[in-house]
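K.L.:
Going down the list, the protein sequences come from chains U and Z. Note that the working numbering gives residue 230 to position 230 of the first sequence, counting from 1, and the numbers run on in steps of one. Note that the working numbering gives residue 389 to position 389 of the second sequence, counting from 1, and the numbers run on in steps of one.
Hints are computed from structural coordinates only; laboratory data are not their basis. One or more of the hints may lead you astray.
For identical chains, the list gives no copy identity; a pair is met inside one copy or between any two copies.
[What the hints assert, rightly or not] In silico DSS-like pairs for lysine-lysine, Cα to Cα no more than 25 Å straight-line: (1) K22 with K276; (2) K191 with K22; (3) K304 with K192; (4) K35 with K66; (5) K191 with K262; (6) K265 with K148; (7) K187 with K268; (8) K66 with K268.
Below, each chain spelled out in residue letters.
Number of protein chains: 2
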Amino acid sequence: MFQINENYQQLNESYLFSTISKKISAYAAAHPDAKIIRMGIGDVTLPLSPAVIEALHKSVDEMGAKATFRGYGPEQGYDFLREKIAGTDFQRRGINIAADEIFVSDGAKSDTGNIGDILGEDNSVAITDPVYPVYLDTNIMRIGQGDKIHFLASNAANNFLPEIPSRKIDVVYLCYPNNPTGTVMKKAELKKWVEYAREHESLILFDAAYEAFITESDVPHSIFEIEGAEICAIEFRSFSKNAGFTGLRCSYTVVPKALKAKNGKGEKISLHALWKRRQSTKYNETPYIVQRGAEAVYSPEGQKETKALVAYYMENAKTIRNGLEQKGWTVYGGINAPYIWVQCPAGTGDSWGFFDRLLNECLVVGTPGVGFGKNGEGYFRFSSFNSHENTREAVERIKNWKY
Amino acid sequence: MFQINENYQQLNESYLFSTISKKISAYAAAHPDAKIIRMGIGDVTLPLSPAVIEALHKSVDEMGAKATFRGYGPEQGYDFLREKIAGTDFQRRGINIAADEIFVSDGAKSDTGNIGDILGEDNSVAITDPVYPVYLDTNIMRIGQGDKIHFLASNAANNFLPEIPSRKIDVVYLCYPNNPTGTVMKKAELKKWVEYAREHESLILFDAAYEAFITESDVPHSIFEIEGAEICAIEFRSFSKNAGFTGLRCSYTVVPKALKAKNGKGEKISLHALWKRRQSTKYNETPYIVQRGAEAVYSPEGQKETKALVAYYMENAKTIRNGLEQKGWTVYGGINAPYIWVQCPAGTGDSWGFFDRLLNECLVVGTPGVGFGKNGEGYFRFSSFNSHENTREAVERIKNWKY
Chain U
1 MFQINENYQQ
11 LNESYLFSTI
21 SKKISAYAAA
31 HPDAKIIRMG
41 IGDVTLPLSP
51 AVIEALHKSV
61 DEMGAKATFR
71 GYGPEQGYDF
81 LREKIAGTDF
91 QRRGINIAAD
101 EIFVSDGAKS
111 DTGNIGDILG
121 EDNSVAITDP
131 VYPVYLDTNI
141 MRIGQGDKIH
151 FLASNAANNF
161 LPEIPSRKID
171 VVYLCYPNNP
181 TGTVMKKAEL
191 KKWVEYAREH
201 ESLILFDAAY
211 EAFITESDVP
221 HSIFEIEGAE
231 ICAIEFRSFS
241 KNAGFTGLRC
251 SYTVVPKALK
261 AKNGKGEKIS
271 LHALWKRRQS
281 TKYNETPYIV
291 QRGAEAVYSP
301 EGQKETKALV
311 AYYMENAKTI
321 RNGLEQKGWT
331 VYGGINAPYI
341 WVQCPAGTGD
351 SWGFFDRLLN
361 ECLVVGTPGV
371 GFGKNGEGYF
381 RFSSFNSHEN
391 TREAVERIKN
401 WKY
Chain Z
1 MFQINENYQQ
11 LNESYLFSTI
21 SKKISAYAAA
31 HPDAKIIRMG
41 IGDVTLPLSP
51 AVIEALHKSV
61 DEMGAKATFR
71 GYGPEQGYDF
81 LREKIAGTDF
91 QRRGINIAAD
101 EIFVSDGAKS
111 DTGNIGDILG
121 EDNSVAITDP
131 VYPVYLDTNI
141 MRIGQGDKIH
151 FLASNAANNF
161 LPEIPSRKID
171 VVYLCYPNNP
181 TGTVMKKAEL
191 KKWVEYAREH
201 ESLILFDAAY
211 EAFITESDVP
221 HSIFEIEGAE
231 ICAIEFRSFS
241 KNAGFTGLRC
251 SYTVVPKALK
261 AKNGKGEKIS
271 LHALWKRRQS
281 TKYNETPYIV
291 QRGAEAVYSP
301 EGQKETKALV
311 AYYMENAKTI
321 RNGLEQKGWT
331 VYGGINAPYI
341 WVQCPAGTGD
351 SWGFFDRLLN
361 ECLVVGTPGV
371 GFGKNGEGYF
381 RFSSFNSHEN
391 TREAVERIKN
401 WKY
């Protein structure tokens, strides 16, 4: 009989957010009048900005007229968008990234998941713990559980800055501002990782999906702010959180042309060429209308409007952070990220115990820290993607909670 | 140093259509006034139907208002679309496929490429030759060249119906109506493949992207018209060609719940569950607005309008087929498919030779058959995705061509 990819058998049965979703549905079915406030999944709640909506309408009209209709586009994205990205997100900050080093895609989830396609199966892989589950799951799918995957503990003891491995690791996933902990890696710290990668000829997969939430000046927006990162790193960005594109789907990945690896014969191979080949063969392109929507994010109105969206959520982050600190809880994140990482206070149980009690007793939903890895046990993630009203009410409920 | 996926080293340098594109650019640069008619890549030229445009505008407005905004949707697609697909494309034809067996995605290219993720690396794989290059390239990426990949010759001698292998092959790719040959597999023939797959416990990956172009009644629209296919086949469909979505991006894949494989321990594993896990982990979802556009294809206006698009292209197919037959050329396809497969007439050279002469002497572009596999050598593909005017002019030029 034909065979399946046996690695899938090593995955956990269910994806974290599906489990949460089921628990909420079960609670809601039993309590139809309960006003549940969701601060779990990192999904935005505010509508798309007017500049984006206008660009979408305009490009939809283009698709309805013979003279302006567009069929297949370039698999790496249209130049109009790649140039705006390179100019605004990189060159304006003094970072030397060119438009043709940008690969437009439909989501950082797809790209961080698919990047493994171009990597060898014998690489050792390091993943911080707790972590966005996609890095781990897609590696298990590709190479299975086992001693090739290393977990770098990220916890209060090391100030959420995982220790740099003493031995050589081939591929390292870093996500900063961090999901789920909301913590950051400042420039001096990130520089050490780039030095490590250069010394050991490792590859850093840097997920900067939450870059737009940075408020402090010494927090890098891109790994390419660090000198020499262009020969050891790939960076992932997303329009999901900075511009509310979670339902519209646009992201991009930066693969510098200077990034090379050796093949079996010792020849230098460009990862840019490999990723281009992967995307040309297994992806078509992000819809034209969506790329026009993303382009509008870079217009003066788009910049103003999307910054206002981010500011709105960061006001929530402040409300949560301050409220929970006032309750005497130990709280991390929420300053350069939309996530607040809370140590489950004594008497509330472990992560899932805390989840269940919070749902049952406050009608508030968050994400159990252990769902992001074993070092997340005893922690809990609150997301600031909600309305001011709901966020304030949720914090009030928690403040009044006797546990 | 970290390692790359060495299989990529076994791929051809350049993707077929990129090479064609470069040749056209070079010719156009040298002859700026030349009116080149492109009948190469299978990209549609007519604008989206008014029903689709209206649905896009409406859903864009929803995304701009707080009350109707949608963020993350279900990774498998919204029920409103999955139900329309199951009802119209399957149940209406008496095929027993349920809405939750449909996985909405962004392209048949992505899905036929990514499906390998859930399959084991030791499977033997059969691919017809000539073939859509994505099947071969994505298998090389995954398992490398070598004796696991088998080519099933599809040529005039076997009436473009590849012989059923005498030995067991684990995974078989079939694409009907066929790209590139434009030929079909009638029900009795497809039944033999289903019987083969059931007997050998093989998996058929059935690409029905061109289903909308079928005009003859004994040509199956879906492999699930064949009894028993639900335990041995996955089917890929696309909105690219039937509704002109090449730049909008929507497709779907049918993985029946009855389809199972054995894992290493001999337990029955559902491929539906594996694909769901793959898509939930490595894909977000097709943009909400695009799914609303696809839904509109199934409205009475949408059905009428998209059928008119298909009829428009099929008129071109007839023009090409009749014109080239009148010239005395040997011509296949074009009756149930938008592609016409031509045997390069004596004196015009091989596939690429014919391409170069046709470009230089008629200013007409098509696709060299050999680009689809070695059995395509000596053949040439014309696509009917163009205007009536251009198609007629191209055929006139060819009719007047002295080669």
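K.L.:
So, for every hint listed, does it hold in this structure?
P.N.:
How the hints compare with the structure:
1. K22 with K276: Between copies, since 16 Å is at most 25 Å while 38 Å is not.
2. K191 with K22: neither (42 Å within a copy, 41 Å between copies)
3. K304 with K192: neither (34 Å within a copy, 62 Å between copies)
4. K35 with K66: between (49 Å within a copy, 19 Å between copies)
5. K191 with K262: within (24 Å within a copy, 48 Å between copies)
6. K265 with K148: both (23 Å within a copy, 23 Å between copies)
7. K187 with K268: neither (29 Å within a copy, 51 Å between copies)
8. K66 with K268: neither (46 Å within a copy, 51 Å between copies)
The earlier numbered hints that this structure contradicts are 2, 3, 7 and 8.
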